[in-house]
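Make a model of the complete structure from these sequences and hints.
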Amino acid sequence: MSAHTATARADRTKPVHIGDHLREWRQRRHLSQLDLAGDAEISARHLSFVETGRAAPSRDMVLKLAERLDVPLRERNVLLVAAGYAPAFPQRSLDDPALKSARAAIDLVLKAHEPNPALAYDRHWNLVSANRMVMPLLEGIPQRLLGQPFNILRLAFHPEALAARTINLAEWCSHLLERLHRQCEATADPELLKLYQELKAYPIPARSAPLSSDHVAIPFKMRLDGEVLSFISTTMIFGTPVDITLSELAIETFFPADDLTAERMRNTAAGLK
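Read in order, the letters of the sequence shown correspond to residues 1 to 273 in UniProt numbering.
Just so you know, not all the hints are guaranteed correct.
[Said to hold, decoys possible] 30 Å max Cα-Cα, derived DSS-like pairs, lysine-lysine:
#1 K100 / K111
#2 K200 / K221
#3 K273 / K100
#4 K111 / K273
#5 K273 / K221
#6 K221 / K194
#7 K111 / K221
Keep in mind the hints are simulated off the structure, nothing from the lab. In this text, all values refer to a predicted model and were calculated from it rather than measured experimentally.
Structural data, given as structure tokens:
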């Protein structure tokens, strides 16, 4: 499904019947009724009746189908409400006492990753938290672009922000756009679809050539104080969340890709103490 098609779908009046919801998610996952019915261990005839409104699914069936379709927790609540049931998944603030252990885990990961940068962000790529090593990399960026919470992807693409100091801009931003496109495909989130279209409008050069076979990962290379720093990144998510907020959080950790960057990060950390 193209981003244009996805945007068009998001802009339409949203389906109100559980069958409409299920059909859209099934089609988004490129599954036939027979495929989904087999995965969910129900008959294709019964699934057809559910999608057309001739049969009402049980609460357990809604949850089972949503799981097989890999529907995000936020949207599973939408499916349940459309079927006439109460939402199953809570959405709490990170400051909620129930998420105290999760917040502590996030803080622990961010702190333990020093002297290298690490940050946590929500489903729309808005910054939630970061360790001490992130802000030194953003020195010189206009303060109006760093209002809390700021959007990490906008910062990467904005010509007055990281785009101006990213050495491999075409390569890095193409990678980020591909990640965002996959999220749009997986979630059909209207805000993500708008963000995708917004970022595509920035004057980012096209990737000139395929990635060299010498690379093991796409690096993020930035110029800072006359030096070129190079990082590779990893993304972590919580493995078994049942809270919407927690399911939508990601932690991005950056590792030095060369000795110069590693030394620069150690020296920067020492200067922050």
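Status of each hint after checking the structure:
1. Restraint check for K100 and K111: satisfied, since their Cα atoms lie roughly 16 Å apart, inside the 30 Å limit.
2. For the given pair, K200 sits about 20 Å from K221 by alpha-carbon distance, which is consistent with the 30 Å threshold.
3. Of the pairs offered as hints, the one joining K273 and K100 holds, with about 27 Å between alpha carbons and a cut-off of 30 Å not exceeded.
4. Proximity of K111 to K273 is assessed by CA-CA distance (about 13 Å); at most 30 Å being required, the pair is judged to hold.
5. A distance of roughly 26 Å separates the Cα atoms of K273 and K221; the hinted pair therefore holds under the 30 Å criterion.
6. Restraint check for K221 and K194: satisfied, since their Cα atoms lie roughly 27 Å apart, inside the 30 Å limit.
7. This hinted pair checks out: K111 and K221 have alpha carbons roughly 23 Å apart, not beyond 30 Å.
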